[in-house]
Amino acid sequence: MKIIWLALRMLTREWRAGELRVLGLAVLIAVAALASVDGFSSRMRLALAQESNRLLGADLVVVSDQVPANSIIRRAQQDGLQTAQTAQFPSMATVGEVNRLAEIKAVSSGYPLRGQLRISDSPSAPDHPANGIPAPGSVWLEARLANALNASVGQTLQLGYAQFKVAAILTSEPDRGGDFFNLAPRLLMNATDLPTTGLIQLGSRVNYRLLVAGQGGALEKYRVWLTSHLAQGQRVLTVRDARPEIRNVLDKAERYLGLSVLLSVMLAAVAILLSSRHFLRRHLDACALMRCFGASQRTIVALYAVQIMVLGVLAAIAGMALGYAGQSVLAAMLGKLANLALPPADWLPFARAALAGMVLLAGFSLPTLFALRHIPALRILRRDDNGLNQMGVLIYLAGFAALSALLFWQVNDARLTLFALAGIAATLLVTALLSWLLVLAAGWLGLRMRHNVRQGLLNLRRRAGGSVIQIAAFTLGMLALLLLTVVRGDLLKDWHASLPANAPNRFIINIQPDQLGAVQTFFKTRQLTGITLHPMIRGRIAAINGRPFDPAQYQDMQTRRLAEREFNLSYSDQIPDDNTLVAGAGWQGAHAAPQFSVEQGIADKLHLKLGDSLSFDVAGTPVTARISSLRKVNWDSFQVNFFVLASPVLLQDTAASYITSFYLPTAQTGALNDMVKRFPNLTVIDVSAVLKTVQDMLDRVSAAVQFVFIFSLASGLVVLYAALAATRDERALETALWRVLGARRSQLLLAQSVEFALIGLFAGMLAAGGASLIGWLLSSQVFHLPYQFNPGMWLLAGGLGSTGVALAGMAGLWGISRVPPLQTLRAAM
Amino acid sequence: MSPDRNVIVQVKQLSRQVSLNDAALTILHPMSFEILRGESVAIIGASGSGKSTLLGLLAGLDLPSTGEVRIAGQSLSEFDEDGRAKLRGEMIGFVFQSFQLLPMLSALENVMLPLELNGASEARKRAQHWLARVGLGEREHHRASQLSGGEQQRVAIARAFAVNPALLLADEPTGNLDAETGARIIELLFELNREQGTTLILVTHDAQLAARCGRRLQLRAGQLDLAA
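Chains as they are written, first to last, in the working numbering: chain A, 1 to 829; chain B, 1 to 228.
Just chain A, with the same shape it has in the complex (with noise of 0.2 Å):
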């Protein structure tokens, strides 16, 4: 109890002294940048886990292309269970001169089974909850569509062929995404006017929902009951699958957030080592001097650990409360992708961050603490330096422990963490190759240099091990930035800059084929040629080769339920000139014999070889033919692409839709309101809004990982000033013995900013290099682009690198060289 007491008015001294505070910092960053990302992540799985049945708008939903059956609804009905129904489908919506495309939403009374619907008299008036849905003849609107149309309550909407009074604002709706989940703004209408619009025709693409609530067991019933009775393409959601989009996007943001927090949690480690190692090595003396006082060594080690784990608590406390500022960024940031109100925080992932923060340093400073033990109290007399050098090795293997259970803690998935070690070993083992070689060509380039530079250059490899450390450390530091931002936006330029000036911005689908010398006539009359509609047709694969097909022999869910969904197919005289053939021969002409082109990636997926017969059940009438090619397709094009297209004999007799995509100058964009007033079925679709709303996505969910990797980039701060302050004492004995030697400050200050400089330099070349790289294969494989070489990144790294670690270096070290030389010799003996 003693020693504790002991322990905590030492440390009192040391913080006062400036001695723990960097190591204090390292703990605290770490903690907050896990308490950060994990308090909002577990916000939005709460808010997923609590809402989860008010999400789907019912216990239980059955999804499919077709209107669901009678039987099944009858089923549920017999079975006590409440049920409603809704059909989802764009169209354009049209007020005055003024129309956009729309998200419509037909529902049936009773709907929404769980969660309410909330309504308002206008976009800024508050809402209250609905008194169940838009009457007959009426419609209600989201407020962003509102805007867009300029449309008020009480006025009159044209949809299709039928026209509505816009009844109210539309404020909630339970099972309704957030904003960026819906490219298209909703409107919502009683389904009972859905026949009178015409929308739904043939070829329309409809999402049909059969919503189910009941109590559980006769519930549980039904979902028995229908997994032996869904038909093909109808699948069923329960609360468990409540929307999986967001699930999905929660995924994958907190990987990237995830990895952004990895760095920022190994840099802090790297902080940790380095600073409780120069800290317990200044206490060397300490040590033996309290062994002379009596100390035995378990109170040396006692005082010691109880000060490390102390700070540690106190840091890991700031670093909570930090963490939960840091939460709140984050969901002010990212709440938004997904429409749910966010639980407040619970205190599990602060606990957990704080923990982690412990278990770092316990792994990376407890192994050197142990050392001490074995200081001879006998170094008072002698000062021999032994003692710290032997366990270099078991220390970075306990903290290379501690990180990995950290990190398979956090990622919960062996193969993947053992994974992300091996990807760490390796990058920390090549940055520190490059360092180790470049410190090495530094001092062969020193040996042939003036006075002052040369002694900056023999520096770096006289400190060699020092100097490699902090190369490496500023590297992944800067590497991730770089990612972050050069790359980031070269590759979003480099896309834009592949996409042709008069690329296809607009898509108009549902063209029926009554419509279609109308709407021929009309792209004439206004000037926009070159213009070519495609016929579409839906069909499911039917059997390959003969065999029934099953989707179910997909291990892949994602595959599975491609398989299983209806098919956009399409007929030409010859493969389009865009598509690049890689496998067989295409065809030519109208009369061609029964072929099919299958493209690529989909042939890869679904096992479709060169050759195989394929059968598609278009409308009830099987469809075969032999595979003659397999295509490559330039999906990013936006011109209209097809995965399966046949020869015309085989599908042009066969009912379609028209679909269309083309270039529309600015100037145009009336033509289209034009066109929509006289074909009101057509859908339009705006590609550039769709990009600006992915565009807005990609930004925030950036956005927060930059907010991230502020963490990352203090921890590379501490890392920074920790490499620093462990080769201090070594750079002030020597600008003392320099001084007595008769060196000037401004000689003493070129030779130290000489070396700071070659560290920042090497570690901004090197930290361009890897971003370099990195880009290189994520343009050449992943996105498929031309890289373009950035040399300004190299300029960026480099000079940001040099000055920032030479101002960083000289500010620490500028106190030094004004303190009397005699002082600091004095003080080093």
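Read the hints as simulated data drawn from the structure, not as lab findings. In this text, a Cβ means the ideal position worked out from N, Cα and C, and glycines have one as well. Errors might be hidden in some of the hints.
Per the computed footprint, the stretches of chain B lying under chain A, defined by three or more beta-carbons under 8 Å from a beta-carbon of chain A, are [stated by the list, open to error]: (1) 82–91; (2) 108–121.
When the alpha-carbon atoms are kept at most 27 Å apart in a straight line, the in silico DSS-like pairs for lysine-lysine are as follows [what the hints assert, rightly or not]: (3) A:524 to A:493; (4) A:605 to A:632; (5) B:125 to B:86; (6) A:2 to B:125; (7) A:605 to A:493; (8) A:2 to B:86.
Output of the computed footprint for chain B on chain A, the stretches with three or more beta carbons under 8 Å from beta carbons of chain B [as the list claims (entries may be wrong)]: (9) 9–17; (10) 187–197; (11) 296–308.
Given chain A's structure and the hints, the job is docking chain B onto it.
Relative to the frame of chain A, chain B by itself:
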């Protein structure tokens, strides 16, 4: 157990060898002597004659190759490292050539440290008393690094006497000080030594300082020369 309760340090056949590149190098040749309570003894000799090694052995900071050291009748070889540390804490005070104050602590905290480590009561009060006694009562909150060399050594002396040791070991206490300051430090050391009845063993190559001691042990290349 020595029958003579007046003997505080008893050295029997003490020697120290180190191996350097597989060759044994003798730093101290076997020697025996006794030091009585209240005596002041100077260990003198040139650099490298083995003075500091002997002091280290007397304090139990190092172990002899042969022979033994008894402090107040207790053989240091009977204890393990922690046992020797405990004995030091109870009986021995130290003054070093390079002061060995902890730079981040204040003068007062430096004096308090050994008291706190030994769990002494009223550590602060006793430390304040001893600082006042060495004339630094006004400077107790100054950091060690803010004090002059002479002041630092006075703090070290306060620290050594604060634990009320039976034996005070001083290693070149004036080695880092100018003549005038050194002289004043010596005055203080002897004055307190007399006052407290402490046994004083000091290592020095300052003949003037050695002359003030009751007895001198001369070391020549690791051999004890009692003729001095």
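Chain A covers the stretch 108–121 of chain B, three or more CB atoms within 8 Å, holds or violated: holds (count 7)
Given pair status - residue 493 of chain A, residue 524 of chain A, alpha carbons within 27 Å: The hint is violated at about 34 Å.
Proposed proximity, residue 125 of chain B with residue 2 of chain A (alpha carbon, max 27 Å): 18 Å, holds
Given coverage of the stretch 296–308 of chain A by chain B, tested with a Cβ cutoff of 8 Å and a minimum of 3 residues: holds (count 4)
Given hint residue 632 of chain A paired with residue 605 of chain A - CA-CA distance at most 27 Å: 14 Å, holds
Proximity test - 8 Å, beta-carbon atoms, the stretch 82–91 of chain B to chain A, at least three hits: holds (count 7)
Given pair status - residue 493 of chain A, residue 605 of chain A, alpha carbons within 27 Å: 30 Å, violated
Annotated coverage of the stretch 9–17 of chain A by chain B, confirmed only when three residues or more have a Cβ within 8 Å: Holds: 5 residues of the stretch 9–17 of chain A have a Cβ under 8 Å from chain B.
Given pair status - residue 86 of chain B, residue 125 of chain B, alpha carbons within 27 Å: Given that 27 Å is the threshold and the Cα spacing comes to 23 Å, the pair holds.
Three-residue Cβ test at 8 Å for the coverage of the stretch 187–197 of chain A by chain B: It is violated, with 0 qualifying residues against the three required.
Holds or violated: residue 2 of chain A to residue 86 of chain B, with C-alpha atoms at most 27 Å apart: 16 Å, holds
Hints 3, 7 and 10 from the earlier list are contradicted by this structure; the remaining hints agree with it.
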